[in-house]
Structures are given as C-alpha cells and as structure tokens.
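Spelled out from the first residue to the last, the chains are:
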Amino acid sequence: MKLKRLYDIIVDFKEYGALALYLVIGVLLLAHNDSKQIRAIRSATVGGIAFLQDAFGFIPDYFDLREQNRVLQELNLSLADEVSRLREARLENIRLRQMLKFKESSTFTYVPARVVGKQLYLLRNTITIDAGERAGVQENMPVVTDAGLVGKVVATSADYAIAQILLNRVLRVSARVQRSRVDGILVWQGGSSLSLNNVAKTLDVQRGDVVMTSEYSSLFPPGIRIGVVSGISVTPGSLFQNVEVTPGVDFPRLEEVFVALYEPDSSRVALEQTLERR
Amino acid sequence: MKRFSVYVLLSLFVVVFQALAAHFLVIIDIVPDIVLLWIVYVAIREGQLAASTAGFLLGLVIDLLSGQDGMLGLATLSKTVAGFVAGYFHNESKTVQTLGGSRFIIAVAIVSFVHNGLYFVIFLQGTDIGWWNILFRYGVPTTFYTSVVALLPMFVFARKYLT
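Line order of the protein sequences matches chains A and B.
Mapping of the first sequence onto the numbering used here: residues 81 to 358, in sequence order.
Mapping of the second sequence onto the numbering used here: residues 862 to 1024, in sequence order.
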C-alpha cells in the first residue's frame, strides 16, 4: 500500500523529478567540464558535425559570390601594392639585421584551413575549420589571417578543429600598443569591438594605434596584429582609460584562416593555471 | 516507438540545421533559436516531461559543439528549464489550436525570454560584461527573431489543420 502511494507520488511529480535530475546533471557538467572522457565525446561530436558543415558548406558560397568577387578584386589591388612595398622593406630589413647581427626571428609553420562552420549561437562565437590533429593542429594553437589574430583552437578531431574567436567572453589576450609599447589585457565586452583593459590614464594611447600580442601572453606568440585603437574615453574617478580596439579580422566574412603550429611553453601555462585556480 | 524515432531524427536534424543555419539566417549577429522552437513544439505536443528531456539532450549536444569555453552544461541547463516552462503551454485537447494560433508565438516568446535571461546570467558570470546590456543587445532581439521565425510553422499548422 505504501509502495503504491510512493509510486503515485513519483508519477504525479515526475516532471519535477526529471527537471531536478537534469538540472543536477547540468550543474555537475558546469562544475567538471574538462575531463578526458568529455574531451573524447566532444572530439567525436566536433568531427561528426563538422563533416556535415563541410558537406553543406558550398550552399552560402553561391549567395555570396558576387560580393566576394568584388571584395577580392579590391583586396588583390591593395595586396599587390603592399607586396611591392613589403619586398622593399624586407630587403631593407635583411640589410639592417646583417648590420646589427640580429638572428632571424623565429617563424612558425602555418596550416591553411577553410572555415566550414560558424557557431554564432547565443554568443558562444566559435568557428569550425577543416584542419585537425592529422595536420598537426592541437588545442590552444593560435588561429590567424593576414588581417590579424582570429583566436585559438579549443577542440580538435582528426580532420577538424573548433576555434574560439576573439569575440568570446572567456578569451583574454595580453596585448601591446605597437607605437608606445603600452601593455594591457584585451577582453571582449559584447558587440564587435574589444576593450584593452588595465591601461592607466597617463599612458600614451591614440586612436589609430596598432595593437598586437605581447610577450606576456602565455598562449600567443608576440607580434601578431590584433587590431587598431578605435576609441578612447575616460570614466571620471577611474585610474584607467577605456581603450576600444576594433579587430583587424572581419569575423562575419571569415572564410580562410591559418593555424600557427605554435606550442606555448607548457610549464609556463601550467604554472599560470595553478596560480589562476588559487 | 516509431513516434519516438521520428522525434529523435527530427531533433538531430534541428541541431544540425542550427549549426548550419548561422550562414543563412544571421541578421546583425542575431541567430534565431531553431532548437528552442523545436523544444516548444515538443512541449505543446507531448507535454512537460518530454520537453524537459528534449531540452536536456539537445542542450547537451549544443554544449558539446560549442568548444571548450568552460561552459559545458550551460545550454543543457537553460534548454531544460526552457522545456519545462514550455510544458505549461501543453493542453492535450487544444494541441492543434495552440500550434496554429497566436498562443504558439506567445509561448515561443515567453520561453525564449526566460531561456535567454537564464543563459546570460550564467554565461556572463566572472566577466565585466553587463547583463542588461547583453540581454537587450542579444537576448531580446534573439527572442524577437525566434518568435518571427515561429510564424512560419504556425501558418503551416493553421493552413493545414484549421482551415
């Protein structure tokens, strides 16, 4: 009789029971979401969905072809001009380096990849690219284009990877103003621009200044272009200025990227993560 | 069993469509939440328990697809709650009328608003990004856009079953 009553209660409140169970699982996932098993499941999911995205990826190209053509023609003209100027600069650079006996700065191997999917879903802001572990791509490797830093790889499968773009709540980049060597932390504040934080009011930052990754970054190699300063304001009473940075990369139109096969110093990353957890 | 299999297949289709839809449907950074639309549909047809379960499972798949941003479980939580809330619009004797009428749009709008509010509360934890700012910049437009997209199945239902 008691069992029957218990059964009736469970049946009567099954919706609430299920809700409670699902919420508990959800909270547990939020609390422990970096285990090896979850990574394996995620890798399989990434591979499966990315395959489908790749298969259907041809569809938007037709809608966008005319606009792409126009943009590429413009780009071609400006690049041709830039190439000739860069050639001159490189020759000059080689001469100067030889004079100063500088070593050639280290370069990385870049793996080209096509953007086969964009998850702009509720600000998760990631892209799926068609280069994965087989091409040497690993988690935390920087993703770039000729216009600058795109983001970092956060999940990989054999042939695909997911990269978190700069417009993402968790991505923080140690950055530097190229002209005045002012350092700050670049974060996303919502919208299409970034904010360079921790820049004191007295430091020299101007509109149009180029912002690049700095040596303080444990994830990204220094010297990668990020964007330009597009606005500066000061909040009364604050010690810092609000520096708005417009990324060089046109994220909505992103189609081709390169993954820099750069592995950050693992001992440094581990040490910094240990400190962060404290 | 057949009905269950159809739901599973359609759910998979919806998730894949959401993953692919970004290319076609983005308007100023805003994407309609097709998965949420599907959950509301399931809720109206099958009730609260089915919708909560669908929300839980679909949210989990979305989380797995969203990269490692420390937010695995976010969509799981918010979609489960969305499914539960949507379940309140279930009325066994008026399923077709609900799906083919303005009640469906109202359900989608309310569920989407609750979902987005909860989603951004958790999503913005530990950041300096303002909740109101993001809610009005993304949450409300997403709710609006999703509700507009919901007009399409509503008209289909109204035309097919109510005329």
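None of these hints come from the bench; they were simulated from the model.
Using N, Cα and C, we set each Cβ at its ideal position, and we do this for glycine too.
Mixed in with the good hints there might be a few duds.
As the list claims (entries may be wrong) - Pairs of lysine-lysine, BS3-like flavour, derived with a Cα cap of 25 Å:
(1) A:94 - B:955
(2) B:955 - B:1021
(3) A:94 - A:82
(4) B:955 - B:863
(5) A:94 - B:863
(6) A:94 - A:84
Claimed, not checked - Computed spacing ranges between beta-carbons, pair by pair:
(7) B:988 - A:343: 22 to 32 Å
(8) B:1005 - A:154: 17 to 27 Å
(9) A:214 - B:888: 32 to 42 Å
(10) B:955 - A:314: 38 to 48 Å
(11) A:172 - B:986: 48 to 58 Å
(12) A:165 - B:994: 34 to 44 Å
(13) A:320 - B:864: 22 to 32 Å
(14) A:227 - B:869: 34 to 44 Å
(15) B:889 - A:128: 43 to 53 Å
(16) B:955 - A:92: 34 to 44 Å
What the hints assert, rightly or not - Facing chain A, from chain B, some residues (calculated, C-beta under 7 Å):
(17) 888
(18) 892
(19) 917
(20) 918
(21) 925
(22) 926
(23) 927
(24) 941
(25) 945
(26) 961
(27) 963
(28) 967
(29) 990
(30) 995
Against the structure, the hints come out as follows:
no.: 1; hint: A:94 - B:955; verdict: holds (22 Å)
no.: 2; hint: B:955 - B:1021; verdict: holds (15 Å)
no.: 3; hint: A:94 - A:82; verdict: holds (18 Å)
no.: 4; hint: B:955 - B:863; verdict: holds (23 Å)
no.: 5; hint: A:94 - B:863; verdict: holds (23 Å)
no.: 6; hint: A:94 - A:84; verdict: holds (15 Å)
no.: 7; hint: B:988 - A:343: 22 to 32 Å; verdict: holds (28 Å)
no.: 8; hint: B:1005 - A:154: 17 to 27 Å; verdict: violated (35 Å)
no.: 9; hint: A:214 - B:888: 32 to 42 Å; verdict: holds (36 Å)
no.: 10; hint: B:955 - A:314: 38 to 48 Å; verdict: violated (58 Å)
no.: 11; hint: A:172 - B:986: 48 to 58 Å; verdict: holds (50 Å)
no.: 12; hint: A:165 - B:994: 34 to 44 Å; verdict: holds (41 Å)
no.: 13; hint: A:320 - B:864: 22 to 32 Å; verdict: violated (59 Å)
no.: 14; hint: A:227 - B:869: 34 to 44 Å; verdict: holds (42 Å)
no.: 15; hint: B:889 - A:128: 43 to 53 Å; verdict: violated (30 Å)
no.: 16; hint: B:955 - A:92: 34 to 44 Å; verdict: violated (23 Å)
no.: 17; hint: 888; verdict: violated (11 Å)
no.: 18; hint: 892; verdict: holds (5 Å)
no.: 19; hint: 917; verdict: holds (4 Å)
no.: 20; hint: 918; verdict: violated (9 Å)
no.: 21; hint: 925; verdict: holds (4 Å)
no.: 22; hint: 926; verdict: holds (6 Å)
no.: 23; hint: 927; verdict: holds (4 Å)
no.: 24; hint: 941; verdict: holds (4 Å)
no.: 25; hint: 945; verdict: holds (5 Å)
no.: 26; hint: 961; verdict: violated (25 Å)
no.: 27; hint: 963; verdict: violated (25 Å)
no.: 28; hint: 967; verdict: violated (21 Å)
no.: 29; hint: 990; verdict: holds (5 Å)
no.: 30; hint: 995; verdict: holds (5 Å)
Going through the hint list in order, the structure does not satisfy hints 8, 10, 13, 15, 16, 17, 20, 26, 27 and 28.
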